[in-house]
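Asks: Each chain is listed here by its residues.
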Amino acid sequence: MFPYGGTAPRTPNCDKVDLMKLLLRTAGLAAAALTFTALILPGSAGAKPWWKRGVESNEGDFLDPDVAFRAASRVDGNMLRVRWVIADGYYLYRHRMEVKAESPDLVLGEPSFPKGTMKTDPYLGTQEIFTQQVEAAVPYTRSDAGAHPIQIKVTYQGCAEAGLCYPPISKVIFATSGSALPTPLAKSHPWEGVAILGGGFAFLLAGFLLRKDRHLDTPAA
Amino acid sequence: MKVRALRLAGGLLVVLFGLWAGLRVYQSHTPKRAAPLAPLAGVRVPAGEASPPTPSDFDAPFDLGVGTAVAPGETASLRIPEHLPEFSLGGRTGKPTSITTWRGKSLIINFWATWCAPCRHEIPLLQSIRREWLDRNLEVVGIAVDYRDKVVAYADELKISYPLLIGEDDALDVARAFGVDSPAFPFTVFTDQRGEVVALYVGELHKIQVDLILSVVQSLNQNRMQLPEARHTIAEGLRSMRTEQPS
Numbered sequence: 001m002f003p004y005g006g007t008a009p010r011t012p013n014c015d016k017v018d019l020m021k022l023l024l025r026t027a028g029l030a031a032a033a034l035t036f037t038a039l040i041l042p043g044s045a046g047a048k049p050w051w052k053r054g055v056e057s058n059e060g061d062f063l064d065p066d067v068a069f070r071a072a073s074r075v076d077g078n079m080l081r082v083r084w085v086i087a088d089g090y091y092l093y094r095h096r097m098e099v100k101a102e103s104p105d106l107v108l109g110e111p112s113f114p115k116g117t118m119k120t121d122p123y124l125g126t127q128e129i130f131t132q133q134v135e136a137a138v139p140y141t142r143s144d145a146g147a148h149p150i151q152i153k154v155t156y157q158g159c160a161e162a163g164l165c166y167p168p169i170s171k172v173i174f175a176t177s178g179s180a181l182p183t184p185l186a187k188s189h190p191w192e193g194v195a196i197l198g199g200g201f202a203f204l205l206a207g208f209l210l211r212k213d214r215h216l217d218t219p220a221a
Numbered sequence: 001m002k003v004r005a006l007r008l009a010g011g012l013l014v015v016l017f018g019l020w021a022g023l024r025v026y027q028s029h030t031p032k033r034a035a036p037l038a039p040l041a042g043v044r045v046p047a048g049e050a051s052p053p054t055p056s057d058f059d060a061p062f063d064l065g066v067g068t069a070v071a072p073g074e075t076a077s078l079r080i081p082e083h084l085p086e087f088s089l090g091g092r093t094g095k096p097t098s099i100t101t102w103r104g105k106s107l108i109i110n111f112w113a114t115w116c117a118p119c120r121h122e123i124p125l126l127q128s129i130r131r132e133w134l135d136r137n138l139e140v141v142g143i144a145v146d147y148r149d150k151v152v153a154y155a156d157e158l159k160i161s162y163p164l165l166i167g168e169d170d171a172l173d174v175a176r177a178f179g180v181d182s183p184a185f186p187f188t189v190f191t192d193q194r195g196e197v198v199a200l201y202v203g204e205l206h207k208i209q210v211d212l213i214l215s216v217v218q219s220l221n222q223n224r225m226q227l228p229e230a231r232h233t234i235a236e237g238l239r240s241m242r243t244e245q246p247s
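These protein sequence lines map, in sequence, to chains W and L.
Under the numbering used here, the first sequence has 182 at position 182, and the numbering climbs by one with no breaks.
Under the numbering used here, the second sequence has 191 at position 191, and the numbering climbs by one with no breaks.
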């Protein structure tokens, strides 16, 4: 029997063992939860074994054209600046790039492009291409300024160096005003709130439920 | 003991809920988060990452569904049919020709266009493959998604010996029948003699890839391999070729 009729006094070693047990238990639970989640989530690793899958293609080797090539425009004084951002390993053909007016009161001049790179292909000959990023300056006039937003139609066509070409793409875009293009805000996702609340709640409740059923030993007076 | 088990079960449920919610956000949110807009010069967009979104992307009135940023490997999978779909397109002279003309043969169906450089690169390879495999009941069929006069002129110039089917919107419909909704060129479909779709290859083909696929098709035709195993062998073989190739 120990003094005060209690259990054996806790030692630092005893605390370490308890902590290890708790850590192992939590790790086990987390591993089980991850496995379970991977099995139930659609499209996750445990979706379909290979012998049940259909034809697989290598489409994932290439970017979606709207990711590989992005176009935007802004107003800069009496010029429209049209910019294409091109992913690494992709290029746009200069002779396939066009900018046309879409707004009824908008008249566009000839776009001026910087000098591109000359690409020689044994089957298509030598052509001017752009990689990474290119910006064209397009003079414009408006007969009815302010009545309509400036809308232009951009057309472009490009390829991946790895051997894939996208058909010509045409897009109608608005030209934003101002000297600097604003940074778009990341939209919050409806699941974000659920995740934050769920995670916090899970953390607190798991700690509460998994705690050891012991009271703190108060030091003897 | 019972209370302890209940506590553990409760804890497990709560942890599961937290993990599930977190994973849902990770899967659906991470690839689409808007990145800061690039400065006007010197932007490098690494392959495999979405280009920076622009104000026009967010303001434009057109359907943004087309332009949703997706990284490679995260694109919606093609709905590739199990069997060769039936279709007809005009041949070089414009006469409608059905794909069933070549029923009972293994097929290499190559979608291409005259404006596409890698498509042009492939044509000599396809010609030589056809010559090499002609006595093994294989046919190459080119489907040109382009203007007929341009295709015929180019085919004459290159003396393309394999059958050509030509179309514009109707050829795009055929591409869709193979699960390719917004085609980029070239892409090539391989079928066995039973008309089972064995592989769909996106991008310029090289001999090493064609040899791999055709050897598997040959095994299928000789009943030395089952279809799921054949598809898996091709997918794994192509994957290992990609990892071996320097980027």
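To be clear, the hints were calculated from the coordinates, so they are not data collected in a lab.
In this text, all values refer to a predicted model and were calculated from it rather than measured experimentally.
A couple of the hints might just be wrong.
To be verified - Covered by chain W, per the in silico footprint, the following chain L stretches (three or more residues, Cβ under 8 Å):
1) 9-17
2) 125-135
3) 197-203
4) 213-224
To be verified - Below, a list of computed lysine-lysine pairs in the DSSO-like style, where the Cα atoms sit at most 27 Å apart:
5) W:Lys21 <-> L:Lys2
6) L:Lys150 <-> W:Lys171
7) L:Lys2 <-> W:Lys119
8) W:Lys171 <-> W:Lys115
9) L:Lys95 <-> W:Lys119
10) L:Lys95 <-> L:Lys105
11) W:Lys119 <-> L:Lys105
Said to hold, decoys possible - According to the in silico footprint, chain L covers these stretches of chain W (three or more CB under 8 Å from chain L):
12) 97-106
13) 109-115
Glycine included, each C-beta is placed from N, C-alpha and C at the ideal position.
Asks: Indicate, hint by hint, whether the structure satisfies it.
Replies: Hints, one by one, checked against the model:
1. 9-17: holds (count 7)
2. 125-135: violated (count 0)
3. 197-203: Coverage by chain W holds for the segment 197-203 of chain L (7 residues, Cβ < 8 Å).
4. 213-224: Violated, because only 0 residues of the segment 213-224 of chain L bring their Cβ atoms closer than 8 Å to Cβ atoms of chain W.
5. W:Lys21 <-> L:Lys2: Distance ~20 Å between W:Lys21 and L:Lys2 Cα, so the pair holds.
6. L:Lys150 <-> W:Lys171: This hinted pair holds, its Cα atoms lying about 26 Å apart.
7. L:Lys2 <-> W:Lys119: violated, 75 Å
8. W:Lys171 <-> W:Lys115: holds, 23 Å
9. L:Lys95 <-> W:Lys119: Violated - the C-alpha atoms of W:Lys119 and L:Lys95 are around 38 Å apart, more than 27 Å.
10. L:Lys95 <-> L:Lys105: Within the cut-off at roughly 21 Å; holds.
11. W:Lys119 <-> L:Lys105: Status violated; Cα separation ~39 Å.
12. 97-106: Three-residue rule not met by the segment 97-106 of chain W, so violated; n is 0.
13. 109-115: Result for this restraint: violated, n = 0.
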